[in-house]
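Fit chain B with the ligands to the known structure of chain A by using the hints.
So the sequence lines, in the order shown, correspond to chains A and B. Heads up, this note's numbering is the position in the first sequence plus 5, with the first residue counted as 1. Heads up, this note's numbering is the position in the second sequence plus 3, with the first residue counted as 1.
Be careful, since some hints might not be right.
Stretches of chain B that chain A covers, calculated by requiring three or more beta carbons in the stretch to come under 8 Å of a beta carbon on chain A [said to hold, decoys possible]:
#, segment
1, 17-27
2, 35-45
3, 81-92
Note that these hints are calculated values from the structure, not bench results. Every residue gets a Cβ at the ideal spot worked out from N, C-alpha and C, and that includes glycine.
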Amino acid sequence: MGKHVVVIGAGVAGMEAAGRLSRNGLEVTLLEKESVAGGHINDWFRLFPDRRDSNEVREYLINLSSDPKIQLKTGASVDKLTRHGSSYLLTTDAGENINADAVVVATGFSLFRSSRKEEYGYGIYENVISSADLEKLFISGEIVISSGKAPQRIGIVHCVGSRDEKVGNLYCSKLCCVTAVKQAIEIKEHLPDSEVFCFYMDMRMGGALYEELYREAQEKWGVNFIRGKVSEASETIDGKIVVKVEDTLAGRPLKMDIDMLVLMAGMEMSEGGSKLAATSGLKTGENRFFASADHHFGSNISNLEGVFFAGTCIAPMNVTETISHARAAVTEVMEYFSNNNR
Amino acid sequence: MDNLFDKLMEDIRFEEGLNACMNCGVCTAICPAAEFYSYDPRKIVDIVQSRNNELIEDLLKSEQIWYCGECMSCKTRCPRGNAPGLIIMALRGLSQDLGYFTESEKGRQQLAIKRTIGESILNTGYCVYIDGISPEFHPEQGPTWEWVHENRVDLIERLGGNYKGDGPGILRKIPQETLDELKKIFEVTGGLERYEKIESYSKKKAAEMNLDFDEGIDNEYFSHIYKTNNGSHTR
Ligand code: SF4
Ligand code: SF4
Ligand code: SF4
Chain A
6 MGKHVVVIGA GVAGMEAAGR LSRNGLEVTL LEKESVAGGH INDWFRLFPD
56 RRDSNEVREY LINLSSDPKI QLKTGASVDK LTRHGSSYLL TTDAGENINA
106 DAVVVATGFS LFRSSRKEEY GYGIYENVIS SADLEKLFIS GEIVISSGKA
156 PQRIGIVHCV GSRDEKVGNL YCSKLCCVTA VKQAIEIKEH LPDSEVFCFY
206 MDMRMGGALY EELYREAQEK WGVNFIRGKV SEASETIDGK IVVKVEDTLA
256 GRPLKMDIDM LVLMAGMEMS EGGSKLAATS GLKTGENRFF ASADHHFGSN
306 ISNLEGVFFA GTCIAPMNVT ETISHARAAV TEVMEYFSNN NR
Chain B
4 MDNLFDKLME DIRFEEGLNA CMNCGVCTAI CPAAEFYSYD PRKIVDIVQS
54 RNNELIEDLL KSEQIWYCGE CMSCKTRCPR GNAPGLIIMA LRGLSQDLGY
104 FTESEKGRQQ LAIKRTIGES ILNTGYCVYI DGISPEFHPE QGPTWEWVHE
154 NRVDLIERLG GNYKGDGPGI LRKIPQETLD ELKKIFEVTG GLERYEKIES
204 YSKKKAAEMN LDFDEGIDNE YFSHIYKTNN GSHTR
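Looking at chain A on its own, in the form it has when it is part of the complex:
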């Protein structure tokens, strides 16, 4: 057909979409703002629920998107997207113009900047870290706190930047409960003598094998789950973190000393996505993610003809859902071309 599709974002959704589009005979340009493809998965050690090595998924995606029909351009973000007749003109931040017969937006998510929830002391106290920081420690193979020692008591705070009017995010990020459970188990694997406390409001284990993982965390690993949202963290003179929380099941306010606090940062519309929305006329919804044409049967379809969404640029999704959603976007692109018969 000789049609050319530009995919914006080379994370899980973008790589999957690009690979599937090229398999369907289309020419693809895959734009990535970072210097390498892969997206967030590059920073993650293992993936829930089976704690599979993230490298395996990355390799699958690299294989899929390594095709002569796919041109990967890294270090390129899109400044402008404008319609020109039946095609689109994309302008990159480097000033390059690219023509596209269709566009797949796969700009993904940004992790909530935990320092915005200042009462948790991220960026102020050294031993308060984010879920992403903990993955880096897992990759390094060593979990240590600022003193250089291994932490004995570790707290995990759920819903940081999610379900919280105070930061303007009313929605649930959907993946942080299972991430907390996964990370709690991994901490126990690394440090069998440590105590791990998860502070949660609701355990939202609504994915395949999530509940089983939760149960394993309790039964096999002895992770403690305390139902209450942490109100604030402070630091003692010897670098411990004091957490204030109510054990709402016992109706008891607690003050706990711990060595390391891990914040389960939520998912937000990515900065690249917001920038694109502002310059392209693509609509966003209540939660600032891109707004699909229909929540039930048009989640890949945007308000601009020929521009489609793939993955977490519309809502939080796990890797499995992201891959399915990217494939669905490809189906929409193919149908768009055959309907327009051009």
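The following block gives chain B with the ligands in isolation, referenced to the frame of chain A:
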């Protein structure tokens, strides 16, 4: 009987303070009163949002609603934008209106607050003025207070104050026209009416409890509500 939830809804503070509570406990975890008292603002919010008339009535008659310091720390943190402190204010107001406050030890102390701080504002322009902090009723001031209180005129002068004097300075006299204005505010906003309600419900309670009731602080009922402590308020 009145629907108490509807009555609460007539209070702007209640409407403002209650959206929907998800029982996260952040308000209780941050609450300075909850650290000390047997007090859980989360539970209070959960009870009022149940709209259960009996439970709300119990709450209005309970000790719990009198522990809050109205510091509003809870409002700054609630992820649902509720303000338990404002809800408590509305509950207190309704408890005073309906006379339920006389059913609890902490509630009965409303009369003490009215007659000390409440009247002090109107008479002196100060919530608390040194004359009113008598050694008998304020043992927390420590052993030297009796001497300080007795010698307050000389002492305040040496400290550079302007005790009951005209013009500027610490502890100065508040001019009559300012006091008149204050009184007007209490009249227009219903403060005075509330004072009267507290007086009349307390009088009724005193009769029920067989205790002498009179104006001022020198009578059995006042002394009783001021000094008794059942010992079960704190954690
Ligand atoms: S998935 Fe869990 S931690 Fe994440 S926002 Fe939802 S309830 Fe909170
Ligand atoms: S902080 Fe808000 S949502 Fe949480 S328990 Fe208190 S009132 Fe309810
Ligand atoms: S306003 Fe009352 S309930 Fe809220 S934190 Fe302060 S003392 Fe606690």
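Hints and how they fare:
no. : hint  : verdict
1   : 17-27 : holds (count 3)
2   : 35-45 : holds (count 4)
3   : 81-92 : holds (count 4)
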